[in-house]
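With the hints as constraints, model all of the structure from the sequences given.
Chain residues, written in single-letter form:
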Amino acid sequence: MLNECGMMATAQSDRDAAGGDVTAQLRRVLADVLSLEPAVAAALCEDSGLFGHLPELDSMAVAGLLTEIEDRFGIIIDDDEIDGELFATFGSLAGFVRAKVVA
Amino acid sequence: MLATGGGAVPAFVRGEEHQRQLLIAQPLFEEMNRCRRFLAELCRALDRRGIGSTLADLPGAGDNATAVISLQHMRTVFSALYAGRSARVFAMRGGALVPDPDAALPRYLYAPATGDSLLRDLLRAQSIPDQERTGARRGSGDYVAAWQQGREVRIAGYTVPPELAAALGSSTPTAGAQCRIAGPPPADFVIDGPPVWRQADPVDAPETIEALAADIDAWFA
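Keeping their order, the protein sequence lines are chains A and B.
Per my numbering, residue 336 is the first one in the first sequence, and the count goes up by one each step.
Per my numbering, residue 95 is the first one in the second sequence, and the count goes up by one each step.
In short, the hints are calculated from the structure, not lab data.
Keep in mind the model is a prediction, meaning the values are calculated, not measured.
Mixed in with the good hints, there may be bad ones.
Stated by the list, open to error - Not everything, but these chain B residues come out facing chain A in the computed CB check (under 7 angstroms): (1) Asp-215; (2) Ala-219; (3) Ser-221; (4) Thr-228; (5) Asp-236; (6) Ala-240; (7) Val-284; (8) Pro-288; (9) Arg-292; (10) Val-297; (11) Pro-300; (12) Thr-302.
Claimed, not checked - Facing chain B, from chain A, some residues (calculated, C-beta under 10 angstroms): (13) Arg-407; (14) Ile-412; (15) Asp-414.
Glycine residues also receive a C-beta, built at the ideal position from the N, C-alpha and C atoms.
Okay, here's the thing in structure tokens:
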């Protein structure tokens, strides 16, 4: 079964370390915090632009999103880890979270 | 306005005629605004089930013009609301930090938040726009330093005195024997509704509200 990004969404990839889980969980976090349409959330893949592309993600929403990410993934995000690049794409955000989760 | 020992407290009271009464401890800071509609709808749903409610604005919150001094200050005012009444408490998010932990008071906590996470969220809500505006990385260090020097600070539109910051930094929601927790796991009642307290533009959550009202109804039997 292929999802919107043309990626194989098999049980194996779902079990792949923290990687697949983080991607799916992060989509849910974005959907919940930004009240995204399910189709919009499902369509998010590595190259999808976030800040500046998703109208729901404006500077007011960023703080709440970061806190929800901290709560859901059990990580702490320091001020100095937040820069413009973090929210550039879904991939940049997912990569950041993945690295924190394994650390 | 409700009269308490400490002065008048703005409050919405619904269903005064019911035997069962619930005092609502609202979320803190901006979360209170985001949850206002949710709580208003919950109060209506509870009223339909024969449970009255009191939605009060504590010092430093909503329409209460009294400045907040500390968490203990909020706690004292809140305690005055249930003195002499056989009411239970419904606390949402940071509201779970408000009721006196030592009071033998049945409390229902929905999605309780720790003081530390609320403080981090508040600091972040200020430092991100700060950075956008000035281009500099101000960070929360300045605010923390101000508190350490005994100065209150203004963060994201809220005046936060050092006593409140210190209390939040070390507070966790109080549970206890007469406590029921609802929300994401771990919880007595697992419910996975939309996190309206996080949403810049909160959605309506009628199913979550009905499910909560039904569970509160059973808890309050």
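Against the earlier hints, flag every one the structure doesn't satisfy and list their numbers going up. 4, 5, 6, 7, 11 and 12
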